[in-house]
Amino acid sequence: MNIIECKDLTKEYLSGENIVKAVDNVTVGFEQGEFCAVTGPSGSGKSTLLHVLSSLENPTSGTVTYNGEVMSNYNDNQLSILRRRRFGFVFQAYNLVQELTGYENIVLPVMLDRKKVDEKYIKRVIDMLGIEDRLEHLPSALSGGQQQRIAIARALANKPSILFADEPTGNLDGKSGREVLSLLKYVGKEFGITLILVTHDLHVAEQAERIITIEDGRIVRDSKNL
Amino acid sequence: MKKRKTLTVNRLAVGNLKTRKKQYTLMIVGILLAMIFSSGVLFFLSCMQSSKQEQARRATGDFYGYFYNPKNYIDVVKGQENGYIESFGYGYIQGYAYTDAEKQDKGTAIARLDEEAKKLYYVTVLEGRYPENKGEIALEKDAAVRLGIEPTVGSKITLSVKAANGEDFSSEATEKTYTLVGVLSDKRSNIERALDSNNLPPIPAAFVSDSEKTAAGGLEIPAVYYNPTEESMKENIPNTAYYNDGEVADIYYTSAFWEYFMQEVYDNLDMHPDDSMARNNHLIQVNDRYGYTMAFIDNTTLLAVVAVVLMIASCMGIINAFTTNLQERRRQIGLLRAVGTTKRQIINIFGREAFIITLICAPISVAISYFAVWLFARIMGDSFIFMPNIIVLVGTTVVSVACVMLSALIPLLRAARISPMQAIRNIDLSRKMKRKKIKQEKEFNAPKLLAKRSIKFYKAKQIGVSIILALTILLTCFGFSVISAELESSYWNYNQTGDYIIVRQSYPGVSNYINMFTLDKGLTANDIQDIYDYPLFESAYGYKTAKSYIIVDEYSEYMDMLSMTWQSIRYYNNVSGYTNADFEIQDMTFEKLKKLWLNKGEELNYPILKKQSQTDKEMFQVEIKGYDEKMIKENLDRFEVVDGKIDIDKLNSGEEILLVAPPEIGFSARFNKKGEIEHYTVYDMTNLPDYYYREKYKAFATVKLNYKAGDTIDLKTLFSDETNFDYEEYGEHPKFVEMTSTEKQVKIGAIIKPFAFGDWMYSSTEFDVITTAAGADAITLTELPYQELNINFKGEVDEETDKTAMAHLDAIFSGTHFCARSGFETQQENMNNLKILVICLVSIVILFFSICASIVNNSLTAKIRESKREIGTLRAVGASAKEITQSYIRQFLSMFGWGCSAGFAGYIIGHLGIIAYFKDPNYLTFEIWQAILIIAVLFLICSINLYAKIKKEMKNSIVENIREL
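Protein chains in written order, with our numbering: chain A, 1 to 226; chain B, 1001 to 1965.
Wrong hints could be hidden among the right ones.
Stated by the list, open to error - Rough simulated footprint, nothing fancy, chain B against chain A, three-plus residues with beta-carbon under 8 Å:
id	region
1	51-58
2	75-81
3	92-99
4	109-116
As the list claims (entries may be wrong) - Incomplete in silico selection of chain A near chain B, CB under 7 Å:
id	residue
5	R84
6	F89
7	Y103
8	E136
Stated by the list, open to error - Derived DSS-like pairs: lysine-lysine, alpha-carbon spacing no greater than 27 Å straight-line:
id	chain 1	residue 1	chain 2	residue 2
9	A	K116	B	K1452
10	A	K123	B	K1442
11	B	K1633	B	K1744
12	B	K1650	B	K1547
13	A	K123	B	K1448
14	B	K1452	A	K115
15	B	K1951	B	K1448
I should point out that these hints are in silico values taken from the structure, not numbers from a laboratory. Remember, it's a predicted structure, so these values are computed and weren't measured experimentally. Beta carbons are placed, not taken as given, at the ideal position from N, Cα and C, and that holds for glycine.
Isolated chain A (complex conformation) (with noise of 0.2 Å):
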């Protein structure tokens, strides 16, 4: 069974008089504990896509369903819910909260949702990304690849479902870009988190299980990566 589906999506922009169709009537389904990588030239919609699916944009039309529910039926209260306890997000550009520390950027979602941290728990995911020492310093004196490891550490933080990268390697280094790829497959599979990564690189994209490929806001290829 799918843990998130969308049905029919479509997304629309008003870019300038026009309106461009980002995502044009895309069904697709996710299974619990999938890797899978959407690829595609830029400006091809798969951003948009992984906004829409994660609720971080409201579709013009058809449904997003997790976990069986349709999440178009929540309110913005109840997808904050969901967001900060089910989902975990890792960015092209981390955007961590400038003014909090590291340990303290990880534990947000959970001082948010009100919960005692499971120290055990943030340890081990602190110790698995290699940030133990960077943690009382502000985001402003990490290098890219330790905030981007901040940013992951954050979207494990409420052991989510689902974690969606947007682009997690492009604004990294080779090296960076690699170690983080891997750090994302393994507690992918450490914790059994349906990881969806938006990418253009190919060579990030061979990493996962399944690779969507999109073009014009079309999925024009879905196959299992073997």
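For this one, chain A is given, so just place chain B on it according to the hints.
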């Protein structure tokens, strides 16, 4: 091939404006508002000044002085050539007109004016027009009333005219009929009132056209309306030196202009320099324009301070608008810097934008503020005149543009410092964060921690907003305190005893020691009869006064103390020939002062008086006040009787009087910082006046009253019917040839404490004799005239009845030393003035409040816009709208809390400081609710704005928040 347009700074600036319409709209609105405020303030000041000047012009003309019949005495053309006179115009007096042979003193001189004189006299036509043809006449309103003419334009009026003969008016009058073509606003009556003299030359209040010929055999008398040059008025020439023991003690100065003119008068008229009568008769000073300007400056100091504060607030608004705009474009500026744009070019590009915006805003804002002030002046009625000239218009525009450009310079210079790295990364923030030491939290309340960190990292900005908030609260609180104090001021609640009151408007130059009822008629029984001719007047009552003396063998200490202070203050101020040095009051004691008084006494008026009244005994001056019995009876319970009792019948018969005297008086002095006596006074020790006197004055001698009820006193009253008396022999004191006196022995019925109640009965520490009107007549053996009358109206006064009642009273008292005041009109006027004042103050306070509130709101808006990305991130990681709002509300509360506390503390300290400085706890009202209201309104406005802005950001999708723009 199509030719490409060259990229210029202007094109870049215009391009920016076009592509960032939304951002610029906000900035333009902010700048427009600030410019409207700043130009509005300037227009308002100009309106205040023009109103004052125009009112003065309308009241007494646009000329400084008037010289009657100067033909042989003063060469005004020469005066102009020598730089003493700026402008002059000629009036030609053709005769003196009246309607009733028995009331010739209520007539007016008729004149024609040349063009320059018309301009200087500032002829203001209320109805009809100025005469253009032969046989036409225009009258000032008051002149028509005095003549008993209904001022209907187009009507024929017949006047008895004594033709001018070149020097004076002929004794015979001929009848002349004119067509009344215009009614003019009053000037003559205002000039006469202002000059308050008995010996004025004829000032025309009736005007005919240039083509009018004087009566057969007549010869016009010229009169010059002139203005001196400002330089000649400002240039001081030592005129008289006063000596003390052979050394110059003081020098009195006159202006070069007066020196010149006095010399001309003395040379040509062969007058003694001290002959003020002669001077008055020919040369009069109507308007002191230089002094007036100074007075205007004094009056408008407060307004100017307010204006400057508002201008600064406007500039702060502009700085804020630009800063917000440029802040959002740091990346663009960084990029421009990265591709090689110099700092100067950055200032040029963005400065050009500011200039273009200013040029667009300038005419709109000037037009709006012009219209607003014009509307304000119209609503406020006649007392406000808004007549900006081209200089004011251009000046206002230039100042507003300069305000914007100068204010814009601060954020522009800051923007130019942005490093190219800013284009890639927010390095400013990174640097700032690296410098801050923070304590990491293991577990935390997310909104609280975010707010705490934000306050820590953006402290400077938060302090800025807190300061603005504090200033807003401080100044608006003080503003409302002033308004509240004004509203409570008894001045506005002035309520006269009668519906109408007949009061003195001027005093003829008569003696202060002797009653001269021929010159100073007062209000007679005939006047009272005339008042009753108007059927709606119910009753008229008032009081009489007479200058009188208690005859004693020797002054008591009590009398010494009173007379000494009274006389020496008079002496100090008025008697020429003595200098301040004679009254050096360092280390002054009561005894020393007494000695000084006794030594100088011989040269004073008192011995002269004694000589003239042929008495060897001592005379102590008192004023007899005779109130109508009704007034005494109505206020009987308000007299504070110290000894004896009030018996009205005995007062009426003149057998008894009431003596107003404090049981104990004290001689007190105020000291300056060096410990010297600065000023001295005598006050009632049993009833210390107020806080100010208690604090500032130190009493060092006290004396008890030596009279008790039942004592008998001799009262002597001096009279003279002379109208032509000689001042020369005794200086100020006239020498009387004919003088009569009455003497009467009266018993002190009761001793009452000095009092101050109502508007009609007032007596300070001076020794006064109070009795009934009939009693005053009986004591002085004379039918004394009334000095003031209160008239009661039958029923309620309304606008219509007030008009007719006032017309009736004006006709009786016009041209006399008395004038009628309507309680209805006074109340209306007071209310109107209060309305104007309150509207002005409230608008200023609201204006300032709005500017500051908008600055605070702008800062909050900018803060949220800057944090757009962070809001997106927080939303992505699961923060709800509530949590994000909470975080910002916490930040806002911190700023608000500090700002309010500082503002409120400042207000309390300032308030206490002012009270301590003025030594008066009632100097300024402190109204706690106003401060709370201000804080509540400000909080509400800012909270709503903050909430709306967060809500707006929340409406965007998270992706829109996150994306860098």
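message: Checking each numbered hint in turn, tell me which of them this model violates, lowest number first.
response: none
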